[in-house]
Amino acid sequence: MANSELKKEIAGALQNNVLRGALERFSHLYVIAREKAYQGYDFEALRNKVQEIKSYSASHIDEMIDLFEKNATARGAKVFRAANGKEANDYIKKLAQEKNVKKIVKSKSMASEEIHLNEALRADGVEVQETDLGEFIIAIEGKHPSHMVFPAIHLTKEQVADLFTSYTNKKNDPIISKLVKTARSVMRKKFIEADMGISGANIAVAETGTLFMFTNEGNADLTATIPKTHVYVVGIEKLIPKFKDASYILKTLPRNGTAQNITTYVSLYTGATEAYLENGMKGTKDFHIVILDNGRRNILKDEKFRQMFNCVRCGGCINVCPAFQLVGGHVYGGKAYTGGIGTLLTAFLDSEETAGKVQNLCLQCGKCTEVCVGKLQIPEMILELRNRHGQKTGLPFTQKFALDVVSNRRLFHTMLRVASVAQKPFTRGKQVIRHLPMFLSGLTEGRSLPAVAEKPFRDIFPTIEQDVKNPKGTVAIYAGCLLDFVYPRIGEGVVAALNEVGYKVVFPENQSCCGAPATYMGDRENAVKSAILNIQGLEAEKVDYVVSACPTCTHALKEYKELLHDNPEMLKRAEELANKLYDFSKLVTILGGLENKGDGIPLKVTYHDSCHLRRKMGVYQEQRDLLSNTSGIELIEMNESDRCCGFAGSYSIKFPEISVPILERKLRNIADTGAEVVAVDCPGCLMQISGGLDQKDSSKIKVKHTAELLLDKRKKK
Amino acid sequence: MERINQLYDKFKGKFEGVNGECFRVAKSEEIGDLLINILGAKGSKTISLYESPISQSARLREKLTEAGFIVHTDDLFTNTCTDHVGITEVNWGIAELGTMVQIAPEVDKRLCSTLVPIHVALLKTDSILPEMDDVLEKLDSLPQIPGFVGFVTGPSRSSDIERILEIGVHGPEQVILIVTDQ
Ligand code: SF4
Chain A
0 MANSELKKEI AGALQNNVLR GALERFSHLY VIAREKAYQG YDFEALRNKV
50 QEIKSYSASH IDEMIDLFEK NATARGAKVF RAANGKEAND YIKKLAQEKN
100 VKKIVKSKSM ASEEIHLNEA LRADGVEVQE TDLGEFIIAI EGKHPSHMVF
150 PAIHLTKEQV ADLFTSYTNK KNDPIISKLV KTARSVMRKK FIEADMGISG
200 ANIAVAETGT LFMFTNEGNA DLTATIPKTH VYVVGIEKLI PKFKDASYIL
250 KTLPRNGTAQ NITTYVSLYT GATEAYLENG MKGTKDFHIV ILDNGRRNIL
300 KDEKFRQMFN CVRCGGCINV CPAFQLVGGH VYGGKAYTGG IGTLLTAFLD
350 SEETAGKVQN LCLQCGKCTE VCVGKLQIPE MILELRNRHG QKTGLPFTQK
400 FALDVVSNRR LFHTMLRVAS VAQKPFTRGK QVIRHLPMFL SGLTEGRSLP
450 AVAEKPFRDI FPTIEQDVKN PKGTVAIYAG CLLDFVYPRI GEGVVAALNE
500 VGYKVVFPEN QSCCGAPATY MGDRENAVKS AILNIQGLEA EKVDYVVSAC
550 PTCTHALKEY KELLHDNPEM LKRAEELANK LYDFSKLVTI LGGLENKGDG
600 IPLKVTYHDS CHLRRKMGVY QEQRDLLSNT SGIELIEMNE SDRCCGFAGS
650 YSIKFPEISV PILERKLRNI ADTGAEVVAV DCPGCLMQIS GGLDQKDSSK
700 IKVKHTAELL LDKRKKK
Chain B
0 MERINQLYDK FKGKFEGVNG ECFRVAKSEE IGDLLINILG AKGSKTISLY
50 ESPISQSARL REKLTEAGFI VHTDDLFTNT CTDHVGITEV NWGIAELGTM
100 VQIAPEVDKR LCSTLVPIHV ALLKTDSILP EMDDVLEKLD SLPQIPGFVG
150 FVTGPSRSSD IERILEIGVH GPEQVILIVT DQ
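So the sequence lines, in the order shown, correspond to chains A and B.
All residue numbers for the first sequence refer to numbering that gives the first Met the number 0, where the first residue is 0 and numbers rise by one.
All residue numbers for the second sequence refer to numbering that gives the first Met the number 0, where the first residue is 0 and numbers rise by one.
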């Protein structure tokens, strides 16, 4: 998929109000319903178990397959191992020919979707019927699923009625209960006439040869009960060692996918059972299981991606993904798999090229990692994908240029200083501009961007009076580009707070961009350059702590260890830096916190959690305590405080059309609190949210970094 | 008995929460009359019956036939395609979920539970177990896992159109469970 096509798909999806409405409503309901479904269950303990079981299978995959084959065969199943989609399709096609199969019913199987089995069979003139309601609908429509669990979520009942009218040649009214009845009556005939059934499985138990299916509509059981020949297509990642291990997946998959305690049907098939054969005679069903590899072993071989094996395909990650909620599944280009996990699966099982494009849709907000049953680090894997893609194909010229500039301290800083002068005509006297110079230009729809400060923090720093008697130690401040050149006042706040807890602050002159932009755009070379510059520049060896007021920078600096793992000397220094480095609120808290004081003037404040700070660093209480401990401040929690604001570094540059609606939802949540100030701990979030508020001219809400707000409310008058 | 009552109550609450209908009788002899009333009210006329210990001790075939229902006990593939009701016995209930568990390697039993619009399930009250793990444990301790085991939690459902929940898709549209103490 070319980039322009992706953009077109996105535009189309965003214009589809049905899809957006349905996905947005669901995203609200899902969170509440899921929580309710888990009441009385220890989700963390359950998912630890799932992870343990699935990773055991992954590291014993040959043993698992052998055992499964042996046990299923002993119970009358015919097991075929398919190395790729073609082998699987050929096996099933041959079987259909031998058995003179004319009509096939299918119940949902993503694996067969992945290998394009339907097309292969139809080419032989066999009728293949999807029986799952949603799949049936999109099959008539001629589209791919827009969601892993709700494939037809992009259509209205009116559209479904039209599709059914054309399919049945009878007028169908847009009444959901009636449409469901139409599907029921069409399908019953198909079930009864079918001479072969094809299904997928959710779990395959090595020790017993048992297959588990989780369904709601009842079509899977009819598919498996009526036809005299049945074929299961099962990916090797479905294997688990022991029968009783299924318990953990049973307890999590339905709760995560559809927020049900259990799906209506959980069906266990072990070997060949009884079926009706010719002329009403009963006998043993012809029962086949195709165990599919098709790229899965490559996942296992790849250390960085191995954990994908722990995925149970519940769809939970997609249900909470802010980007997916806006655009739905079609945009992801994969035939079977969508969302973040879908991107990864597509890369290995379908098309690397498609995955290389759609991985850009990931905001790196990490929300999925909170709900994932298999404990997958999806954002990190996507980043790795991005890196590899970047290395292979190179970045577009403007991006590459920008990153080269950023990782060259002198040049970058000079350009920023020039910008602070050159931008004057655009700022209209306000601290925001609608056009940023250089590489940041062209991204201002729905959001204003801040002006570059007249004087960067590095120039202000020497003028700050640090009144600390008998300092307890020294802290080096790492400013980062936004703080240094756009929001220097945050830096002043950081210094004031650290002084208050008894520490002196130094500003190491040779610090430079943290390298996060390069990392997130998949440019490892420039990321490594930044890492070395900063390790040398910050000289963590000389201070007690290093503080950063930007969680993205903090995270990037901590990750230098990864970037420099093959450079022993630098690695040691990177570790020292990582050990001494804290985010602002965390460090102030560690060093004893601030005593209760403040100007006492009432101020309603709400707090927005930065994705990095909350999920990567687990810091969310500290800053709330600091704020609450400042007299005058009344802290009011907003709905979805930890939902991504849509900034996500370069994301808002590449996909303003997605970033802006995500921001709008954040702005609504903020406005609902009635707060006068939104506090944040990340300059990126600050830029994004204040840019959005600025566009709404009516809005009087201010956005401030915690450090800056503390400075305002606590400084001696 | 106290414990059985508690488990039953919990089960019933959960089962009704997923649109199932649940009844309890003291003796299996009472099932016939109860069913005649329930099915009569629904206007059902034809029944596919998969005989089992409970249905036999309740003399369901005789009673339902006497009451005017057409009851089929063989040629069940043909009959379940058109009959209104299927009656089968299930092995366990799971109180925490309102789930019925049926061991059914026999094709007729499965057809009577799945192809008909109304599924009537019969269960012994003391076979209601607290948790899903209890059932997995029981299955695991059998000499081998049966060819088919179905966990059924209410009538079939789908939210595939506009995410609106609809009851009764391809599987049964109504599920009625009758639990008997004896
Ligand atoms: S990645 Fe995790 S949350 Fe997403 S489908 Fe797989 S198991 Fe579920």
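FYI, nobody ran anything at the bench for these hints, they're computed from the structure.
Treat the hints with caution; some may be incorrect.
Claimed, not checked - Label pairs and their computed distance ranges (CB to CB):
#, chain 1, residue 1, chain 2, residue 2, range
1, A, E51, B, D74, 47 to 53 Å
2, B, E1, A, D41, 52 to 58 Å
3, B, T81, A, E34, 58 to 64 Å
4, B, R2, A, S165, 53 to 59 Å
5, A, G75, B, Q5, 37 to 43 Å
6, B, D74, A, V185, 54 to 60 Å
7, A, T167, B, D74, 26 to 32 Å
8, B, G12, A, G501, 33 to 39 Å
9, B, T45, A, N168, 28 to 34 Å
10, B, R162, A, T167, 19 to 25 Å
11, A, S165, B, R58, 48 to 54 Å
Remember, predicted model here, so these are calculated numbers, not experimental data.
Ideal placement from N, C-alpha and C gives every residue a C-beta, glycine not left out.
Hints and how they fare:
1. Look at E51/A against D74/B: about 49 Å separates their beta carbons, and that is inside 47 to 53 Å.
2. Between E1/B and D41/A the C-beta distance comes to about 28 Å, which lies outside the given range of 52 to 58 Å.
3. The hinted window of 58 to 64 Å between T81/B and E34/A is violated, with their beta carbons roughly 44 Å apart.
4. For R2/B and S165/A, the hinted distance range of 53 to 59 Å is satisfied, since their beta carbons lie about 57 Å from each other.
5. For G75/A and Q5/B, the Cβ-Cβ distance of about 42 Å falls inside the hinted range of 37 to 43 Å, so the restraint holds.
6. At about 25 Å, the beta-carbon gap between D74/B and V185/A misses the expected band of 54 to 60 Å.
7. Against the hinted window of 26 to 32 Å, the Cβ-Cβ separation of T167/A and D74/B comes to about 30 Å, which satisfies the hint.
8. Our hint of 33 to 39 Å for G12/B and G501/A is violated, since their Cβ atoms are close to 59 Å apart.
9. In this structure, T45/B and N168/A meet the distance hint of 28 to 34 Å, their C-beta atoms being roughly 30 Å apart.
10. A beta carbon spacing of about 24 Å between R162/B and T167/A agrees with the range 19 to 25 Å that was offered as a hint.
11. For S165/A and R58/B, the Cβ-Cβ distance of about 51 Å falls inside the hinted range of 48 to 54 Å, so the restraint holds.
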